[in-house]
Amino acid sequence: MKEMEKIGEAILGKVRAEAETIIKEAKKKA
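Under my numbering, the first residue of the sequence shown is numbered 74, with each subsequent residue one higher.
Since the hints were made in silico from the structure, they are not lab data. Every value quoted in this text rests on a predicted model; they were computed, and no experiment measured them. Please note that the accuracy of each hint is not assured.
[To be verified] In silico lysine-lysine, DSS-like type, Cα no more than 30 Å apart, as pairs:
1. Lys101 x Lys87
2. Lys97 x Lys79
3. Lys102 x Lys87
4. Lys87 x Lys97
5. Lys75 x Lys87
With the sequences and hints as input, model every part of the structure.
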């Protein structure tokens, strides 16, 4: 289970970082 938790956190971190990048880009265009 520990490995699955680490993988899940890694995926969430990547998704969060991508979402922040998209938000920053959207604010620049706005």
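Hint check results:
With a CA separation close to 21 Å, the supplied pair Lys101 and Lys87 stays within the 30 Å bound. Taking the CA atoms of Lys97 and Lys79, the gap is about 27 Å. The hint holds against a cut of 30 Å. Between Lys102 and Lys87, the direct Cα distance comes to roughly 23 Å. Compliance with the 30 Å bound is thereby established for this hinted pair. Using a Cα cut-off of 30 Å, the hinted pair Lys87 and Lys97 holds, with the two alpha carbons roughly 15 Å apart.
Between Lys75 and Lys87 the CA atoms are separated by roughly 19 Å; this keeps the pair inside 30 Å, and the hint holds.
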